[in-house]
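Trainee: Sequence:
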Amino acid sequence: MAGIQTPRLLLRPARPSDVIDLHGVLSDRRAMRYWSSLPHATIAQTRAWLAEMIAIPADEGEDFVIERDGRVIGKAGFYRFPEIGFILRPDQWGQGLAKEALTPIIDRAFRHHGLARIEADVDPRNDGSLGLLERLGFIRTGFAERTWLIGREWCDSVYLSLERPIAPSGRSS
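Under the numbering used here, the first residue of the sequence shown is numbered 1138, with each subsequent residue one higher.
Hint data in this document are derived by calculation from the structure and do not stem from the laboratory.
Don't take each hint at face value.
[As the list claims (entries may be wrong)] Simulated restraints, written as ranges between beta carbons of each label pair:
{"no.": "1", "residue 1": "1290", "residue 2": "1206", "range": "32 to 40 Å"}
{"no.": "2", "residue 1": "1251", "residue 2": "1287", "range": "29 to 37 Å"}
{"no.": "3", "residue 1": "1302", "residue 2": "1220", "range": "16 to 24 Å"}
{"no.": "4", "residue 1": "1253", "residue 2": "1283", "range": "26 to 34 Å"}
{"no.": "5", "residue 1": "1249", "residue 2": "1181", "range": "27 to 35 Å"}
{"no.": "6", "residue 1": "1152", "residue 2": "1288", "range": "23 to 31 Å"}
{"no.": "7", "residue 1": "1230", "residue 2": "1287", "range": "19 to 27 Å"}
{"no.": "8", "residue 1": "1304", "residue 2": "1181", "range": "45 to 53 Å"}
{"no.": "9", "residue 1": "1167", "residue 2": "1303", "range": "36 to 44 Å"}
{"no.": "10", "residue 1": "1206", "residue 2": "1253", "range": "19 to 27 Å"}
On a predicted model such as this, the values are computed, not experimentally measured, just so you know.
Quick reminder that beta carbons are idealized off the backbone N, C-alpha and C, glycines included.
Let the hints inform the model, and build the full structure from the sequences given.
Mentor: Shown next as structure tokens:
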């Protein structure tokens, strides 16, 4: 898998050496507030998570670390197709970086991987992620209660979907 360069970011495959920077994200309570697990308590937990990310078979998913100015600030991509996910360090929020990362990843999913649809599962309290996905063209397709047990708290899900764009000729692009 090749990296993707954007004006401010490098999206690239994860490496074992990313563990410290990723632990900084995955152990942060604010970053993990609406994630599907509790914040990571140890480097060993992040190392195991990272090993799974690195081992994703190419036909099952494609996840990128998000690097800015030489430092990993998050991740975005597909742990398993067709569900997209992303997370950033809180000090990087509000700068348009998630949109900058997701835009080429979404394009690559449709063009390179041939996905017909991309899906997302978002905690309904996560207004930032819901708004971003809707600005990227995702539409809400459903809602379910008590889908994730995070620690002792049940969390709900809003489901969203983005269909592959139709080219002017009438064919999917």
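Trainee: 45 to 53 Å was suggested as the range; check whether the CB atoms of residue 1304 and residue 1181 agree with it.
Mentor: Cβ of residue 1304 to Cβ of residue 1181: about 47 Å, so the range 45 to 53 Å holds.
Trainee: Can you let me know if the beta-carbon spacing of residue 1253 and residue 1283 is within 26 to 34 Å?
Mentor: holds, 29 Å
Trainee: Given the hint of 32 to 40 Å, check if residue 1290 and residue 1206 actually sit that far apart at their C-beta atoms.
Mentor: holds, 35 Å
Trainee: Is 36 to 44 Å a correct range for the gap between the Cβ atoms of residue 1167 and residue 1303?
Mentor: Since the Cβ atoms of residue 1167 and residue 1303 sit about 38 Å apart, the hinted range of 36 to 44 Å holds.
Trainee: Do residue 1251 and residue 1287 keep their Cβ atoms within the hinted range of 29 to 37 Å?
Mentor: holds, 33 Å
Trainee: Does the Cβ-Cβ separation between residue 1152 and residue 1288 fall within 23 to 31 Å?
Mentor: Since the Cβ atoms of residue 1152 and residue 1288 sit about 30 Å apart, the hinted range of 23 to 31 Å holds.
Trainee: Assuming the hint says 19 to 27 Å, is it satisfied by the Cβ distance from residue 1206 to residue 1253 or not?
Mentor: violated, 36 Å
Trainee: Please check whether residue 1230 and residue 1287 have a Cβ separation lying inside 19 to 27 Å.
Mentor: Once the Cβ atoms are compared, 20 Å apart, the range 19 to 27 Å for residue 1287 and residue 1230 holds.
Trainee: Do the Cβ positions of residue 1249 and residue 1181 conform to the proposed distance bound of 27 to 35 Å?
Mentor: Hint holds: Cβ distance 34 Å, inside 27 to 35 Å.
Trainee: That 16 to 24 Å hint for residue 1302 and residue 1220 (C-beta), does it hold up?
Mentor: holds, 19 Å
When the structure is compared with the earlier hints, a violation turns up for hint 10 alone.
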